[in-house]
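With the sequences and hints as input, model every part of the structure.
Chains as they are written, first to last, in our numbering: chain A, 225 to 755; chain B, 221 to 355; chain C, 36 to 352.
Calculated directly from the structure, the hints in this document are not laboratory data.
Take these hints with a grain of salt, some might be off.
List of simulated lysine to aspartate or glutamate pairs, DMTMM-like, C-alpha gap at most 25 Å [stated by the list, open to error]:
1) B:296 - C:145
2) C:235 - A:714
3) B:321 - A:670
4) B:321 - A:579
5) B:222 - C:43
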Amino acid sequence: MAETSRSGIPLKSVYTHQDREKTGYDADLSAPGEFPFTRGRQASTRGIWIQRELSGEGTATRSNEQFKYLIQKGQTGLDVIGDSPTMACLDPDHPLAAATVGTQGVSLCCLQDYRALLQDIPLDSLSISTSVPAFLALPGLYLVAREFGFSLDRLRGSILQPPFYAEDCGYANHIPLNLRLKLSCDSIEFCVKEMPKFHSFIEDTYFFSESGLTAVEEMALGFIEIRYIVRALLNRGVDIDQFAPRIAILVNCSMDFFEEIAKIRATRRLFAKMMRDEFGAKDPRSLAVVISSHTSGLSLTAQQPTNNIIRGTLQSLALVLGGVQALEISAFDEGYRTPSPESHLVGLRTQQIIDLETNIPKVQDPLGGSYYVESLTDEIEKQIVSLIKEIEARGDPVVLSENGWFKRFFDDAMERYGRQLHQGELPKVGMNVHRIPEEEDTLLREIAEEKIEPASELIDIVKAHKAGRNQAKIKDVLTNLYQKAADGKENLIYPIIEATKAGATAGEISGMLRQAGGYPYDPHDLVEPPI
Amino acid sequence: MKRNRILIGVLGLDQHEVGAIGIARLLRDAGMEVIYTGKFNLPANIVQTSIQEDVDLIGLSCHSWEYLHYIPELMKMLKENHLEIPVVIGGSVITRKDEQKVVSQGVAAAFGPNTTDGEIIRRINSIISGGPGEK
Amino acid sequence: MKNGPDTEQLLKWIEARDIRGLARAISIVENDEPAVVDLLNYAFANVKKSLTVGFTGTPGSGKSTLIDSLVKDYRNEKRRVGIIAVDPSSPFSGGSILGDRIRMNRHSLDPGVFIRSLANRGSLGGLSEATKRVLYLYKAFGFDVIIVETVGVGQDEIDIVKYADVTAVVLAPDQGDNIQMSKAGIMEVADLFIVNKSDKIEAETTKRALESSLNLLPEIRRPPVISTIAIKNQGIDETLRMIDKVSHCSESNSLEKYRSRIKEEIRSSIVHSIVQDIEPFVEEMSEKVLKGSLTPMDVVSTYRALFTRQIKEIKSH
Chain A
225 MAETSRSGIP LKSVYTHQDR EKTGYDADLS APGEFPFTRG RQASTRGIWI QRELSGEGTA
285 TRSNEQFKYL IQKGQTGLDV IGDSPTMACL DPDHPLAAAT VGTQGVSLCC LQDYRALLQD
345 IPLDSLSIST SVPAFLALPG LYLVAREFGF SLDRLRGSIL QPPFYAEDCG YANHIPLNLR
405 LKLSCDSIEF CVKEMPKFHS FIEDTYFFSE SGLTAVEEMA LGFIEIRYIV RALLNRGVDI
465 DQFAPRIAIL VNCSMDFFEE IAKIRATRRL FAKMMRDEFG AKDPRSLAVV ISSHTSGLSL
525 TAQQPTNNII RGTLQSLALV LGGVQALEIS AFDEGYRTPS PESHLVGLRT QQIIDLETNI
585 PKVQDPLGGS YYVESLTDEI EKQIVSLIKE IEARGDPVVL SENGWFKRFF DDAMERYGRQ
645 LHQGELPKVG MNVHRIPEEE DTLLREIAEE KIEPASELID IVKAHKAGRN QAKIKDVLTN
705 LYQKAADGKE NLIYPIIEAT KAGATAGEIS GMLRQAGGYP YDPHDLVEPP I
Chain B
221 MKRNRILIGV LGLDQHEVGA IGIARLLRDA GMEVIYTGKF NLPANIVQTS IQEDVDLIGL
281 SCHSWEYLHY IPELMKMLKE NHLEIPVVIG GSVITRKDEQ KVVSQGVAAA FGPNTTDGEI
341 IRRINSIISG GPGEK
Chain C
36 MKNGPDTEQL LKWIEARDIR GLARAISIVE NDEPAVVDLL NYAFANVKKS LTVGFTGTPG
96 SGKSTLIDSL VKDYRNEKRR VGIIAVDPSS PFSGGSILGD RIRMNRHSLD PGVFIRSLAN
156 RGSLGGLSEA TKRVLYLYKA FGFDVIIVET VGVGQDEIDI VKYADVTAVV LAPDQGDNIQ
216 MSKAGIMEVA DLFIVNKSDK IEAETTKRAL ESSLNLLPEI RRPPVISTIA IKNQGIDETL
276 RMIDKVSHCS ESNSLEKYRS RIKEEIRSSI VHSIVQDIEP FVEEMSEKVL KGSLTPMDVV
336 STYRALFTRQ IKEIKSH
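This is the structure we're talking about:
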């Protein structure tokens with residue numbers, strides 16, 4: 225039986241110069257920092273990357289302490305994830321939220337939460353990234369940074385734009401697609417004006433590829449979304465070189481070591497070619513895409529948590545060899561819980577050891593010229609392009625999304641993945657091979673299984689906050705937001721900022737947007753609109 | 221001809237539906253009728269649905285720890301409505317300790333990450349016919 | 036094994052409009068348990084006035100979402116609603132995933148709404164016997180509106196027409212199946228067409244294509260076409276009014292319709308019963324055919340000969 229990579233690319237048992245002869249150096253590789261950037265986005269030989277761990281849990285105050293702990297342990301950037309209600313754009317006092325406030329991430333509901341979250345955090349020297357929905361995170365960040373006296377044109381960090389895929393991949397917020405697309409473009413345009421160094425457009429291929437997608441499928445879908453949003457912005461009259469330098473891709477990293485490296489190199493090359501040849505970008509910074517990364521949570525096991533440390537190490541090694549600008553390792557206990565301080569520490573130390581002890585970062589693209597890696601890079605690039613063409617030929621991604629085509633794509637991938645695991649096609653040490661009895665599986669188990677309780681105190685705090693506001697002002701700002709959203713002509717980030725300043729909550733802002741789009745205020749029919 | 225009717229759903233804001241869909245397919249392929257209630261359920265509507273659909277078993281798919289919060293309420297409501305419908309839970313986040321906890325609260329079985337498909341079917345059939353839910 | 040309450044208790048519950056009675060009774064009639072005869076006789080004798088609406092349409096037409104919105108409007112008018120949602124069974128395993136409820140989850144706590152999901156359990160074509168029986172139970176229980184949501188591909192579509200006061204076909208734009216539906220004969224017998232997801236560009240084309248093919252019918256029999264966007268609750272009120280209007284118009288030939296429905300019911304109930312009874316005979320005869328000692332037509336003759344006497348007796352009654 226022929227051996228293949230995880231994406232199905234046939235693998236030979238050895239690669240030789242004959243596999244290399246097909247491509248010429250300058251056309252397809254070039255030096256790092258030169259088009260098409262296959263070997264690296266910058267000419268510098270020092271492969272510095274932002275070392276961080278995904279964080280956020282409980283209240284904003286508790287998360288702030290967590291950030292300080294991580295910074296003290298050597299983290300060089302922040303990445304914040306919201307709890308289930310926050311990611312679903314609901315408030316802690318929503319009937320469905322009680323059991324999960326603060327347990328999967330941090331609860332961010334109103335401006336006060338952002339203040340507590342970022343208290344004493346040096347926003348002028350530390351980048352702050354977040355996967356909290358951009359139209360809520362951006363106003364929060366913007367207002368707090370200003371309040372704390374930070375200059376907005378130096379603010380670094382990133383927000384995600386997943387309008388096509390979030391609804392189908394566990395992050396549904398029930399805002400109509402056309403409004404989600406508008407909000408994406410609005411937030412990118414807002415940053416072009418107000419926060420020029422901020423990466424306002426992260427194409428997060430990590431989260432949806434955790435549905436069991438192959439590397440090829442991951443990048444194809446990512447590029448489809450990028451292409452759509454780029455075209456939409458160009459249609460608005462925004463100059464490509466104004467926003468393209470702020471596009472970044474957050475990639476997954478699974479266990480097929482060399483394929484993941486090739487995927488990153490192919491992605492850089494593809495992006496550069498696409499930006500220059502299809503979209504006419506001229507600024508070299510528009511062509512050299514920033515790649516950040518998060519190692520795969522799906523690849524981890526609940527059994528034998530220590531195995532996950534090894535997986536994280538191998539994956540981060542692949543990412544460093546591929547050349548990424550930011551790295552997060554999925555915590556070894558992530559099968560059960562949001563990361564413990566211990567697993568966070570292990571993640572950081574893994575990165576620091578690779579960085580300081582192995583000499584690897586001293587040379588760029590060490591695998592460049594490898595018969596195998598170059599062959600794989602070429603093949604992956606070809607397959608990604610082919611899959612993009614195939615999917616775009618099926619129709620407008622908006623239509624595909626509304627028809628549930630992407631949802632079926634993800635569901636099928638998950639079923640395929642489950643089957644492969646089940647039948648042992650995809651070996652998982654500890655899960656389908658080299659298993660040990662439960663009673664023996666004790667190493668690090670206590671840490672892995674410790675839970676955090678929901679931050680229930682927030683429910684009353686939010687209720688009190690809602691009751692104690694200037695109600696007339698709230699009515700004004702929410703009505704204004706509703707009208708602007710229904711109108712659709714202006715950039716909505718500004719009225720959202722006004723609403724946030726007046727004390728409106730994430731659930732209320734999102735509810736207004738839903739209503740403006742013709743959907744019910746509360747997707748679950750359990751909460752009445754405040755106005 | 222009678223077929224087992226199983227309610228499958230996900231509680232609270234747990235948005236990972238993959239496990240629930242997987243179990244629904246497994247049970248269908250084993251000849252059962254699955255009343256699939258999807259996401260965003262609370263104990264109250266699980267109970268009402270169970271009554272209307274006259275189900276033989278309630279199965280909750282768990283990817284986060286929210287279910288621990290809802291189980292006592294669910295068991296209480298079933299009792300108040302004089303319903304003797306067995307409840308099972310399944311998912312990779314279920315630890316041994318959690319299993320012991322919910323079983324002591326009246327749940328018939330908890331299928332953690334090491335449970336095979338065959339075991340799930342066997343034990344569900346056993347529970348429905350009034351047998352033990354044990355491994 | 037569940038030990039259910041006895042038939043007497045169930046009938047008491049049904050009379051008192053306690054859903055426990057209805058829910059259990061549905062299981063009994065679906066599974067052909069012994070109490071089925073008493074339950075259905077009771078139901079037949081206690082049918083109350085109600086409006087039965089059948090909804091059919093391909094998967095992806097947004098049927099369930101439309102029904103969900105419609106139910107909301109019915110409930111605003113304080114009308115009690117009973118829903119039967121039918122989904123196909125797997126031909127391989129006999130099992131089924133019944134997921135229509137998901138779209139109607141918000142009504143699960145409303146005591147004025149009752150939803151039951153049925154698998155068609157490989158019924159031979161058309162509405163399953165179980166669905167027809169459950170419809171009787173619903174009518175005896177007492178709902179202002181009964182909604183039957185069927186799978187919508189094939190014989191089902193036409194069959195529902197015989198059992199519903201109003202049959203609505205739901206279409207979504209840009210679905211190749213729209214052509215298929217026009218072939219199935221449903222065009223001539225449906226009372227109402229709904230073009231859902233009408234915010235899509237192709238909706239206008241679909242509506243016009245539909246109207247032009249309906250124009251082939253004489254005006255008096257031409258069903259109305261309504262545009263809706265179910266997910267945004269648009270066109271729902273119009274749908275509700277139209278259903279009421281159509282049901283009043285059809286009352287004039289309701290006696291004819293009732294007669295033909297009774298005939299249909301008797302026919303299908305007997306056939307259902309015969310199919311179950313002859314199963315051992317079928318098993319035995321198929322062995323003979325496989326051995327080559329009989330042809331299938333010989334089997335039919337054998338059957339008729341064996342049961343001719345019984346048929347003669349029935350005819351003379």
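Hints, one by one, checked against the model:
no. : hint          : result
1   : B:296 - C:145 : holds (20 Å)
2   : C:235 - A:714 : holds (24 Å)
3   : B:321 - A:670 : holds (16 Å)
4   : B:321 - A:579 : violated (44 Å)
5   : B:222 - C:43  : holds (22 Å)
Comparing the model with each numbered hint stated earlier shows that hint 4 is the single one that does not hold.
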